Amino acid sequence: MSGRIRAERTAIRTLGGVLVAFLVLPLVALVVTTSFVDFEQGLSHPLVWPALRLSLLTTTISLAITVALGTPLAWALANTKSRWSHAVETLSQLPIVIPPAVAGIALLFAFGSRGLLSSENSSLTGSTAAVVIAQVFVSAPFFIQAATSAFRHVNPKLVVVARTFGARPLRVFFRIAIPLAAPGLVAGAALAWARALGEFGATLMFAGNLEGQTQTLPLAIYTAMEADMRAAQALAIVLVVVAFALLLFVRATMRRSLSAEGRA
Amino acid sequence: MRRDTRPPWLPKSWNGVGAAGACLVLLAVLVGACGRDGQPDRLVVFAATSLRDAFTTMSGPFEGAHPGVKVQFNFAGTQQLRTQLEHGATPDVFASADARHMDALVAARLLFDPVIFAENEPVVVVSTEAAGLVQSFEDLPKADRVVLGTADVPIGRYTNQMLAKADATLGPGFRARVEAKVISRELNVRQVLAKVSLGEAQAGIVYRTDARSAGARVTTVAIPPELNVTASYPIAVAVGAPNPDLARAWIDFVLSDAGQRLLRAAGFTTPDTAGPP
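Order-wise, the sequence lines are chains A and B.
This note's numbering numbers the first residue of the first sequence as 1046 and each following residue consecutively.
This note's numbering numbers the first residue of the second sequence as 3 and each following residue consecutively.
Since the hints were made in silico from the structure, they are not lab data.
The structure presented is a predicted model; accordingly, all values stated were derived computationally and were not measured.
Among these hints, one or two may not hold up.
Output of the computed footprint for chain B on chain A, the stretches with three or more beta carbons under 8 Å from beta carbons of chain B [unchecked claim]:
| hint | segment |
| --- | --- |
| 1 | 1148-1160 |
| 2 | 1168-1174 |
| 3 | 1271-1285 |
Each residue gets a CB set at the ideal place from its N, CA and C atoms; glycine is no exception.
Given these sequences and hints, build the entire structure.
In structure tokens:
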């Protein structure tokens, strides 16, 4: 009988193992098929540094916009229970599920030269601002989702107590809600940043592909595939390492917040 | 007595090990089914983006002449297709928008017997809003937003060659004045066309065939012959092609009178009809 149990356990693990192997293999391949020399030469390709700088700049700006506008929105969503707030929450999550190519076309029709919000003489397409717009569009929903969930876990009694002692809504928001929800907010911001860093389709379609102006890291990888595969691979490895570090950070933050909740 | 919680549709002999085995077998079958070996009636053609309209039109009469055969296309930038070939993709036929990539693939023994089947020339396309602004090649710097191909794709390389020539004849600085207006360098020629026909860019450089396919959404400005370059399109059979006979038949059809006529209808010049150099 115990042999039977062991066999069944092995069966379950084998099935799971197949999927894990499939998920990990491409990333392993990315790293083991390069050599240190190739990696170094890849990183010295002229595409690399302008793209890295631009990615850092644009994702910092888009993250600041996302956090500045997303935090109040998430607090409001966490504290209202009307049909409208449900609708707003659903709408704000829509960009998570729509394909990037759809986002690109939609942004063109909204902000492009012939778009809804176009003006006579200026066009956003081709500008760095367009990159930021694309990044905010695809990444803000991740932050809103995480922040709303973090605010929902803030003990409502604390808020009530603060209000009875005369604290005004802004003071409650800044002194109670944000500190208590901080781990969730940070994790959400990290996820949103990762998504903005990886943004590709909408940027290519809406913003363009010009070195130093709109060519972010993912676009540089795509462009480098045409020119020098080693540069594409080197950039890809850099992005994997950054993403992995970010994932570890998010998981550590969430674990700490969970254990803190457990103690409370 | 232990209550049986299994769903009634499950066979009595069902157990975990069997299920796991079945899943693995199913997986193997599904993955195997995605392979494309042993399909005698399928012709896979990798072709440069600029061939999209011409080749798609040609597939109709070809399939008519070869009953039961299905032609499948993979249209992309020539360099992208080259990368796919170098990483093990085995189409039957490869049609390139420039001789350089073709030569490299022949040298790498991935293709053989290339033959030039068509020629194309770059033109300037102008968005409807800017039609009055850019009326000749010399007007190109007057456009506020210009889109070109990246230097690594054929159209981008031809563009750079033309701009270099223009610097010599239209005065030094012409190239720099154009490049100051560039808002994006696209990775294939259809993206250049899309940006112009959507009005996101005022002008771009594409092939004559692309300009023709856009119809009235763009206006076309010819480039003076002394500045222009000719794009040659070679076609070849892939080494290890699953269907070498069909591949030959496709190339013969492309080179036949009917095929060449369809290419000319799409805006290509064909080697026989091309004027004296």
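Quick rundown of the hints versus the structure:
{"no.": "1", "hint": "1148-1160", "verdict": "holds (count 4)"}
{"no.": "2", "hint": "1168-1174", "verdict": "holds (count 4)"}
{"no.": "3", "hint": "1271-1285", "verdict": "holds (count 3)"}
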